[in-house]
Amino acid sequence: MEKVALKDSGYRLKKAKILHTKKMTANEKFFEIALRENSPLDHEPGQFIMVSLPGIGEVPISVCSSPVKRDSFDLCVRAVGKVTRSLHKLKAGDEIDIRGPYGKGFPIRILEGNDLLIIAGGLGIAPLRSLITYILDNRRDFGKVHILFGCKEPKEMLFGDELEDWNKRTDLHYACTVDRADPDWAGNVGVITTLIPGVDIDPIRTFAAVVGPPIMYNFVIKELLAKGIPENQILLSFERNMKCGNGKCGRCQIQNLYVCQDGPVFHYERIKNLSEAF
Amino acid sequence: MKKPKVGIFDFACCEGCQLQIANMGEDVLSVLGSIDVLEWREVMSEKWGKKLDIAIIEGSITDPHAVKRIKQIRKKAKILIAIGSCATIGGVNGMKNNFGLDDIRKYVYGDSYRFFPTELTKAVHQVVKVDYFVHGCPMYIPEFVALIKAALQGIPYYPPDYPVCVECKLNENVCMYDRQVTCLGPVTRAGCNSWCINNGNICYGCRGMVSNPNEKGAQDVLAKYNIPMELILNKMNMYNKCRELT
Amino acid sequence: MEDMQYVILKKERFNDFISRLSKMQKLIAPVSKGYNNFAFEEVSSGSDIALKYIPTVLPLKKFFMPQRETLLEFKMAKGADAEAVVELEPMTIFGAHTCDLAGIQCLNMVFSERPKDYNYLTRKNRITLIGLECNEYCDEYASCHLVNASFPGGGYDLFFTDLGDYFIVHVKTQIGDEIVDVTGFFEKADVSHMNDLERLRDHKRKVFSNEVPIESKKLPELFDKSFRARVWKDLDERCLACGNCTNVCPSCYCFDIRDELDLSLKNGVRFRIWDSCQLEPFARVAGGINFRKERSARQRHRYYRKFRYSVDRFSRFFCTGCGRCTRTCMAGISLKETLNELIKESEDRVWKKWL
Amino acid sequence: MKKNVNINVEYITRVEGHGNIVINVKDGKLETCRLDIVEAPRFFEGMLRGRSVFEAQHITSRICGICACGHTLASIQAAEDALGIIPTEQTTKLRKLLLDLEMLDSHILHIYVLVAPDLLGVKSFVPLIQTHGEVVRRALRMKKTCNDLCDILVGRHVHPISAIVGGFTKLPRLKDIDAMLNMLISIRHDMDETVELAATLKFPEFERDTEYVALVSDDAEYPLLMGDIGSTDGVRMHKKEYRKITNEFVVPHSSAKHTKLSRESYAVGALARFNLNAEKLHPKAKQIASAVGLKPKCINPFLNTVAQLVESVHCLEHATGILEDLKNNPLNYDEEIVVGLNEQRRIPVRAGNGVGAVEVPRGVLFHNYHTDENGAITNANCIIPTNQNTANIEHDMMKLVPEILDKSEEEITLAVEMLVRSYDPCISCSTHLMNVKFVK
Ligand SMILES: Cc1cc2nc3c(=O)[nH]c(=O)nc-3n(C[C@H](O)[C@H](O)[C@H](O)COP(=O)(O)OP(=O)(O)OC[C@H]3O[C@@H](n4cnc5c(N)ncnc54)[C@H](O)[C@@H]3O)c2cc1C
Ligand code: SF4
Ligand code: SF4
Ligand code: SF4
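Residue numbers (the working numbering), protein chains in the order written: chain B, 1 to 278; chain D, 279 to 524; chain Y, 525 to 879; chain P, 880 to 1319.
One or more of the hints may lead you astray.
Said to hold, decoys possible - Some chain B residues judged to face chain Y by a derived CB distance under 7 Å, without partners named:
| hint | residue |
| --- | --- |
| 1 | K3 |
| 2 | L6 |
| 3 | G10 |
| 4 | G55 |
| 5 | A79 |
| 6 | T193 |
| 7 | P197 |
| 8 | P214 |
| 9 | N256 |
Claimed, not checked - Every beta carbon over 10 Å from chain Y, so not counted as near; a handful from chain D, in silico:
| hint | residue |
| --- | --- |
| 10 | E317 |
| 11 | I351 |
| 12 | D380 |
| 13 | H403 |
| 14 | Y410 |
| 15 | K427 |
| 16 | P441 |
| 17 | K447 |
| 18 | R457 |
| 19 | P464 |
| 20 | N490 |
| 21 | N492 |
| 22 | K494 |
| 23 | K502 |
What the hints assert, rightly or not - These stretches of chain Y come out as covered by chain D in the derived footprint (C-beta under 8 Å, 3 or more residues):
| hint | stretch |
| --- | --- |
| 24 | 691-701 |
| 25 | 786-796 |
| 26 | 824-834 |
Hints were generated in silico from the structure; no laboratory data involved. Predicted model, so just to flag it, every value in this text is computed and none were measured. Note that CB positions come from ideal geometry on N, CA and C, so glycine has one too.
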């Protein structure tokens, strides 16, 4: 058996350097990362990359910064297992390897000129942050923007500073809620669906972008349809087990779709009949 | 990196898994190059008795003294690794639980049975927390090596949670069911590279069952071969009797 | 029929041909393992080969996408780049039945779809494929005719048909042509040979009938109606989730990717290894949710990947009719029975509408 | 000199299993001198009841990982005896090969890893990695080779897979036989060096006249797999009468039973075999025995290690001979069997009572099963070499301790520990207590 170098391999890694890290909550950590020579990642909002720690493994992680920021990009990682816990041990100056970006992100060209209702549950804020920051970087290109954010407890709130900023901005509408309050919490309490009826939108020109834990989708979609948003204007991003990112390994398959290539962002219309999707 | 301090301890078992370590040959030296073995009664006279980074445990917990000893070891050790079926699932020692404790003591020791206290056989994790499992009777060296590496890297090792058949097929064995004999491969956790079947024997289930076995399906399959249910259960219980304790 | 070229190989020269072939590069062919089991293994003489065989335990995919295959080599030292690699071994495979050739065609499509998989494609280019016609039906488990894989449909360099005293050989590619030239045991086929071949094919058309009462072009439609069919529940009770059916399937290609370090913890490799959608952890994500937790969902997924999804994606069935999944399943789950159940159930539904 | 000595060794190290030594000398008088077997009892005989005799070898192999192949062979012999199966010539040949490999493996382990540290004055083989790197590497190399040989022959050394009642489930192919032969040849040189090393070691001088028990036979082969039971006191019996040899009795301080024959105790093991069968050893082994000055009847228990060395050479040569023979007389692969639980009744079963008596590294091992007409075990009994040796070890200690009372307590402890270790006791084995009549 000979082993020869393979130039075109879909598994080739790119070296990247951690510029900066920040502990966000007990389980989530923020990473700012630059490729060699600070070359741009060239991703679309909503796309993900495969993050590699050779010798440990590789995991899909959404890019959570706007492509407008070209020298570096951001990740927000929740420590759950082998690779993610090991990632949490890294600090500024350490190296990681990446592949990608992969998949289909949010269809920016279609969203431009329209109103947006962005709904994030928990860690779902990570992929949406790339969309939100992109919109803020190009605020003139979009219509009205609503952001709804929900998480279990106040202490699990990610990107707190930025949420503050969004809250203060006059060119967008922001609301958040927690499932369980703590004594310092003065805001809304309740699941995220409770926020939806109160948003004032023109359903015909509104696109909804929803990312959150699997159980959230059914409820949120019901509310959105009730509000009259057409099915092809609801965008969802899915999480599945993934190994290759190239639409081959089969793990992320939802019926005949591969989340890694056909998604992770889907139009609700396209997947509503896939019973394995929800 | 400082070398982790390691102790190897045995409870009721055949000590075959420790022997598997010696059977690694000169690779043992590579392993010993990255760890400091401070206590290993079977091959060393040195005793340590202080804090350890890794305690490797072989054997099942079968008497009150053992319960005390394993708890002491757990307190001293940052990471506890259970090796071999006796430690990970109770293994053959569990067959004892098929009998009344006094009955079996009398059978073996006659009138003097009172000198020999015993308890229901338990796997190590049924007494103290276990961080890593190396299943198998005996453990499969490549898996032990993989696990030691994971422990040194500080990452989890997940034993396969699919049946031996997977590996058996990859080895392109003629299935035992094609040879008209019953094999426990379909319900047994893989990771041994279908060791027994590669050598023409059936799987005895030494690695324990997969986490969500279709037991009814398996019993149907076994029953197809007209062997009494009792024998089938007996067969599954050879290694897996301790599953009943929780 | 201009570009078609037929030659013949007399039986008495077969062993010489095989010996010669095995000296050119590694030669793989079906051999008997006892208990009516066969495997593709390395051979060096014609007598090693089982010319009459039913599909091997593992299909040819084991050479095209090895069970374990290194993708990257790396050093743990800081700044060291991982190197992408492919493991190659040139070989000739003799004796592939039409179902297995179809299997390789399926894999070719999967790995050529963008993003292309160059590990597979590079390796594939080093493998010479020689087909062998099945004159008779293998056994009751096969269903190759249903999925149009019972007659040669390309995908080979040479294709052998046993016509008694001689083989007639279809030369399809330049590589095939070279083998014929270099070994020098072949003769030109004449009209009588072609007539013999036609007779055999006529015979086959009679023997190979459709085993499942449905036209193959109606299969996708059947599956469109069957997502909630009862039969999946039944499979749930019987399937042991052992993954045998997918491991032996010529067109199943799911894999896992893992890393491994050497004992010094300094060098490592990333490799891929066969995996199966039938196994419990396959679709489980970090949060513990398993998107196909039920065995019924996993079994259904397997069938849909063979008869429905692949039709959308690649305009062909991914079942080659080899019958391996049925032969190997100790729970006795049979592909043909499942299809029959689905048909029956859908007919029942039609009836119910009328009543 | 009147002296008080109080020795209490908890968990003797470098032996298989858990044993304690208790010695108590008061005013120069030996009051207590005990080898306590404190291994947690595992009740194998009890657990075997009701199980298929076709599982017996699988289960009893788990009595001991070190001599798993020995237990396997004794168990198979007992089961076949009960079922009335006579193994084919080919099967017997391969079993002898397996036993040679087992002996070699175990002796190497014992000589290098368990005994050598004492004689080189260190606590374990771990420091030897620094001081005697080459010796350690050689030991590991030889150990691994034996292990790999067993891998080829029976799937693995610890708990062999393919050796079962009725024969073998997998037979080595020609290329396997070639590979095994090459492996054996490759360790010949290591074996020579082992002999050289052993020649330099100094063993304590101590003697006590002892009755030695081992298999004996009338043919010219050094009996390991088959034979009658004989003793240096002139006893000879058929294996079925093993209970008359072992005469087990229970002592409260030990979870292993004790045995005796013509005297208060007897010894089994390499030295016993040597003392009874030295003239049947391979010429090369004989040559080595005479070179190191070992001759029968040797009554220094410390020299058991030397007898093991001599046997290692014998087994290496004997195994090589079998493999060479297999090269010229190819195996009949039709003898490969698939039995499983014998649910297909491929092997006829009957009610019976069978005994296996096999020389395993530490001495003669007995398995005895009663089966019912379905082939299920109704009664099981295993008598392990170490059980047979324990009483003898205690009697050796009783003679040894007074002879060295002038030494320091540490030195006495070390001497006694070395004595125990020289028997190569396998304590995990010895706690399989059996269903026997107690000698009152
Ligand atoms: C498109 C996409 C985008 C994503 N974006 C992000 C993101 O931005 N941020 C983020 O944090 N995550 C994201 N994820 C999720 C992330 O990929 C997973 O959390 C990650 O793959 C977990 O890998 P790990 O190696 O750390 O965990 P693993 O070691 O694989 O373990 C995960 C969990 O599963 C259990 N487990 C795994 N295997 C086994 C086994 N064999 N047996 C028993 N238990 C087992 C572990 O105990 C643990 O609880 C994304 C996923 C996708 C698909
Ligand atoms: S032999 Fe046993 S392990 Fe192998 S496929 Fe058959 S049932 Fe599974
Ligand atoms: S095949 Fe079965 S019995 Fe044999 S080692 Fe593997 S899990 Fe254990
Ligand atoms: S081979 Fe049979 S039992 Fe095994 S996963 Fe496939 S269908 Fe289920």
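Those earlier numbered hints the structure runs against, lowest number first: The structure conflicts with hints 5, 6, 7, 15, 16, 17, 18, 19, 20, 21, 22, 23, 24 and 26, although it agrees with all the remaining ones.
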